[in-house]
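There are 2 protein chains.
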Amino acid sequence: MKTISENACFGGTQGVYSHQSSSCNCEMTFGLFLPEEAQNGPVPVLWYLSGLTCTHENAMTKAAAQGWAAEHGIALVFPDTSPRGDDVADDEAYDLGKGAGFYVNATQDPWKPHFQMWDYIADELPALLAENFALDMERQGITGHSMGGHGALTLAMNLPGRYRSVSAFAPITNPSASDWGRKQLTAYLGEDESGWSKHDATLLMAEKGFDGPILIDQGANDQFLDLLKPEALSEAIAKRRQQAIFRMQPGYDHSYFFVSTFMEDHVAFHADALYAG
Amino acid sequence: MKTISENACFGGTQGVYSHQSSSCNCEMTFGLFLPEEAQNGPVPVLWYLSGLTCTHENAMTKAAAQGWAAEHGIALVFPDTSPRGDDVADDEAYDLGKGAGFYVNATQDPWKPHFQMWDYIADELPALLAENFALDMERQGITGHSMGGHGALTLAMNLPGRYRSVSAFAPITNPSASDWGRKQLTAYLGEDESGWSKHDATLLMAEKGFDGPILIDQGANDQFLDLLKPEALSEAIAKRRQQAIFRMQPGYDHSYFFVSTFMEDHVAFHADALYAG
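Going down the list, the protein sequences come from chains L and B.
In terms of the working numbering, the first sequence opens at residue 1 and continues consecutively.
In terms of the working numbering, the second sequence opens at residue 1 and continues consecutively.
Hints were generated in silico from the structure; no laboratory data involved.
Ideal placement from N, C-alpha and C gives every residue a C-beta, glycine not left out.
Keep in mind that the hints are not guaranteed to be accurate.
Claimed, not checked - One-sided excerpt, in silico: chain B residues whose CB lies under 7 angstroms from chain L:
| no. | residue |
| --- | --- |
| 1 | Gly251 |
| 2 | Asp253 |
| 3 | Ser255 |
Claimed, not checked - With the Cβ distance kept under 10 angstroms, some of the chain L side facing chain B (calculated, not the full set):
| no. | residue |
| --- | --- |
| 4 | Thr3 |
| 5 | Asn7 |
| 6 | Ala8 |
| 7 | Gly11 |
| 8 | Gln14 |
| 9 | Ser18 |
| 10 | Thr61 |
| 11 | Gly67 |
| 12 | Met263 |
| 13 | Glu264 |
| 14 | Ala268 |
Produce the complete structure using the sequences and hints provided.
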């Protein structure tokens, strides 16, 4: 593991690190905010998964999360959204290939050799973090924005017991039925849709739900509402009687101005779960 | 005036606008955060001047200021740092020309036709803002980072009565004696150093001081300490018995991780002054 940078930030440290990923077969970069409390022992962890076109850097610089994480003594992990490098397959479209890993393990060429983001986020990166930093991996929460909200929700429901709480900002909720989803799941997983369901938050909610609290914020003026389909997940949550708070926020769009506005609430929500019991 | 974008943000609106500037003879862009309170009448204004290489956008996305401004019902103005456009003179160095206006009125060619940032910030932009937005121009404060801290301090001391409070993050304090200053003041104002003194916060502090409170934060691990020279202004403040708080912050560098960390304190500091009396 290589240290790219470390900056003092809200009494703790905002670091950027890279490492050779065995899942993705390339050098991967991630951001990690450690609060001051990490100097004295392991702290709880909140994962933040980013959206289309993002790297590890977007949320780290624009989501205004570190101040609230410092207040609650929580670490923040900011992974990249896809494998990177000259020999990694890509597409001209912004929503396929680099910057658009969709948090799945690709089974199809040309994506298969590198696009194993599910394994990277679910297994490889947590193991690396646990080995190298003062993190309490028994206390993890997960959140994300847009494609990252999709990742957070699908990881949380597929890995019961792993995360105590899950939240999302304007998540892609029903990729099997959206142009943000069908194209990518076809490319990465193939045309047989039976393999898609574990990567669709709405279908997962209908099938199994989440064993903890959920918080979702969605801007009512989001320019991508037709692709995000909040109504699909919202309905599934209500049908299941899933413990959840779903907030439709009037006036807000899809930008980081929306994300940063409600970050305080999301970090506090996770802190409640991470410090309970 | 043209609206580039408006995003809901912390209950208010983060806007970006452009206009033909008569001072700079080019199209200029600025950011303006208006808190919810601006819907009911004029609100106080806090100016944020940015540093070298920045545009109107850096602080707007990375300084995490809007949340605190919303809490105090204060507007934030984010001007650009120089004139822009294909016919505007530039230099290959990052610290001269575009992105490096240094908040002066150039008297020398090739800079003179466009680089009139002092007039732009002191006169033209305030008049435009007063005409178009619900801002209480009797209640203004000013802050900035690095070159923008230099701008904030020099504007505040040269325009007594204009700003109720001034603060700065890692300001260039003594440009007459620094490589961040001598090069630019020579280029923009000419070799006669007598014209430089109104653009040197340390000299201004010795000569006249500021008729209100000052807050300055400086990171002790700032990679540019030799250029910023905090000791020069610090000494001048103490000699003058100027009302001021100067904080040397252990561990912090020159980045926006430093700026965002202490933004809450700066906005609260200005709010105290803006709502007093």
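(request) Any hints from earlier that this structure breaks? Give me their numbers in increasing order, please. (result) 4, 9 and 14
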